[in-house]
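Trainee: Chains as they are written, first to last, in this note's numbering: chain P, 1 to 457; chain E, 1001 to 1407; chain U, 2001 to 2101.
Don't read these hints as lab results, they were simulated from the structure. C-beta atoms are modelled at their ideal positions from N, C-alpha and C, and glycine is treated no differently. Any given hint could turn out to be false.
[Claimed, not checked] One side of the interface only, derived from the structure: several residues of chain U facing chain P at Cβ under 7 angstroms:
#1 2029
#2 2057
#3 2061
#4 2069
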Amino acid sequence: MPERTELVVVGAGPAGLAAAVEAAGLGLAVTLVDGYPRPGGQYFKQTPPELADAAGPEGHPTALFAEVAQADVRLVSDTLVWGIFPEADGFLICLYGPPGTPRRLLAQTVVLAPGAHDRPAPFPGWTLPGVMTAGAALALVKHQRVLPGRRVLLSGTGPLQLVLARHLIDGGAEVVAVLDANPFPWTAWQHALAAWGQWERLGEGWAAWRTMRRAGTALRWRHLVRRAEGNEQVERAIIGPVQGGGAETVAVDAICLGHGFTPSVQLARQAGCQDRYDPDQRAYVPVRDEWLQTTLPGLFVAGDGAGIGGKDVAQWEGRLAALGAARQLARAVPPDRVAAVRRELARQRRFAAVLTDLFPPSAHLGSLLTDDTVLCRCEEITVGEIRQAVEEDAETLNAVRMVTRAGMGRCQGRMCGGPVAELLAREIGQPVEAVGQVTPRPPVMPVPLEGLLEEEP
Amino acid sequence: MTNRYDVIIIGGGMVGLSTAYHLARRGARTLLLQADDLGGGSSAACSGRAQVAEGRLNPLNLRLITEGLTRLETLEEELGTAFEWRRTGFLALINSQHLWDEWTERSQILTAAGIPTEMLDQAALRNAEPHLNTAGFMGAAHAREGLLNPFLFCWAYAKAARRHGAALRPRTPVTGMRVEGRRVVAVETGAARYQADRVAIMCGAWTGRVARMAGVDVPIRHTHAEAFVTEPMALPLDNTIELANFYETIHGVEQAVSVGFSRDLRGALVVTEAVTQTAELHRKTAAWGLAGMAADLVKLYPALAGVRVVRAWGIPTPFSPDDEPLVGWLPGRDNLFVAAAFLETITAVPVVSDWMAGMILGEAIPADLSPFSPIRFSRCSGNVLCCRGEVTSPLQHKSLSDGLSND
Amino acid sequence: MFSSHESLRIPPLTSRLPLTVQVDGEPVQAFAGETVATVLLAIGRRTFRHTENTHAPRGIFCGMGVCFDCLVTVDGLPDVRACVTPVQAGMVIDTRGGSDA
């Protein structure tokens, strides 16, 4: 018999941590399951204790971590939730973790806080070693204290690139250039009101800007990397404006791609939540009500996993989802607390909307693709092979996947799902929503056979 | 008139697509309507095994199997598209005296039909698959199973059918059929209405639902099976392995696990199946099924414990009340044909689709398919009392022709 | 015995606990708390494996365990994600084998 609990929170990033402490504060029995050894997720990633001295003072919010430490929350770390199955008396949560970890939990309510991963941005040469996501580079520099390379090019959009540039420069790397696919945000002043009070974030941006100026790093708007070249690893980048000619070649040993993030929706979809296509996010997001409850009553999604909003939106969404779960469990939910949480969430969402507005995912990436560009990294399926399948009348993502195997590999389409859908839509002249999506199947990440068993062997 | 065809096939799985190919090749104006993507029902979800000995080994089935296996060897060439076909060995794991006796008889029949089959004691079994935990098992083996990529198999037929002029409409669910007297006069899809001289329903587990649109009850049941695939693995596995007690295990039980497994071209392990008796048609999986299959597999092949599972899915698997396929003209309708519920579908399809196309067009065909005719159920059609095993062997109906006008 | 690429580690190294692992049969210095990916990067190793179909080089990409590109063999276990696997003293890391070789 699976262990029963009132609330399972999946993911210990800002949304999950906040949901867990809020729910525990309301007296709910909470189990917080996280895939990494230490809670924090990507935004509040903690440096391994053995490297903490080298990393200097932590950037994570000590207040939230202190709350977590004091709250009556059962934390299950290093554990994958590989499937959620709605049953008559709750949600059957399937886990796989280190010895001693429960394999099944039966939860009356669930808050999913799966976060996001870097938006994959395919271009010729993007599979060469040395080309990596901005998120990967940031984690290496901040939490592993190692440089991804000595001569690093950044290409993408948005303020995270500046933060990464600063960490790389401070760590001793030469940042060859920072390319932003969007134009300089001239209209930013219109959003001054929404930015009011976001001092920490504005300060971070200012510090990054100063570091880059000191190091002589160029920030080039409306530019991106068009091709990466090299033999066993990246050696050169061909860069240029997003439209028109004027390409130049720069010698690099690392390229970091920072095209924003895409929600990790696999678990919500596997559980059976309905979703919708959000054109601003260029991603499918779960359909939610005003309590962040999905179309499955009792199952909530908070934070970037429901649409990219950043760490502050995520925290307040986590709290709201916890209040929603308590309400679902027929607990008393203080109305003034609900009102306060909604108010703060609305404020944070206004700022997040500005960033989405100023730094949208680049629409020009598709024009870089050549027939020999690999789209599906796992199965090594190229643009040409997908075009061939389209020519043979594969007109949905599912059909393309079955003909070519794109999206059938270990990453379960997390890397290629979006780019293949966008390519397919362009090829057949339809909106992305029209080509459908691939149905996520359990396990949402590869799990050893023995890990699927109900009891530890 | 663009909406008029010689034949409309409803169902775009391997049965429908292969029949469309053979119809088009014969020059018939053919339209195929499929609710989902081509192959998007159970076809692309199956394990890709070209099975040999699932059903009864009567002369007609044996002929389909042996001719089908022969035709599969050259089919990629015939259709002009590769579908990852390869031959594999087959190993049935036997754990009871009566299954041993049954397989001893099967092995004689198969051997006589040109598929040399051996009975294996424990030592021979260990020799065949050294990593297998053979405790409690004996075996039966032959070398004539096959494995292919089921979606590419469908796709190969689809491309060839189109080349011969067939119109294939994926994602076009049929919403109704217009019946006048004893004839289906139109097939409706919501957006359009199509007319044809003959209509064929080839919808696998969905066949019953579609046939009801023409006012006919087709006694097709289904079980909901589950399967999963692993990442490519380095461990040796030369045979497709199956528990011989599969049908016993699943018979009359609401939920049961039995495993069959094989390794595809990439080295990934494809494992079936956990079986649920349900009226619902869906492709979902359940936690118990995955756990159950994993447990059985780890017991049978302990070295697999660390191999990672990448994806699991569900497959509605049709069968008829007597486990024999349903192929032929439907009683009460003069121009409505049905084909579904094959047990060795992939093996049978290359040959039976050719014959069915001939039959639909009123040609003489090289075999008597009447043992598969739906007429054998007509005395209880629409009657749920026609359950597994309650209908006598169709071989006894052999003298019955389907007796229907087909124009 | 130790590679000259240690400058990719961001100093100071003084507070770190050194340990030794094996990479493709050679002893390599690592530090407690590092991942397998970090150790490989620190010795200038970008390529962690070659793909099965086209023998294309691959290394770290997502850095958070979701893309399955950075697979290496660790203590004989194939296809381990280097970016989320902490090193341990005596660990045997191989970038030449695995099921994709």
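Trainee: With reference to the structure, classify each hint as holding or not holding.
Mentor: A quick look at each hint next to the structure:
1. 2029: For residue 2029/U, the interface hint is violated, since the closest Cβ of chain P sits about 13 angstroms away, which is over 7 angstroms.
2. 2057: With Cβ-Cβ at 5 angstroms, under 7 angstroms, it holds.
3. 2061: This interface hint holds because 5 angstroms falls under the 7 angstroms limit.
4. 2069: 6 angstroms, holds
Hint compliance for this structure: hint 1 is the single one not met.
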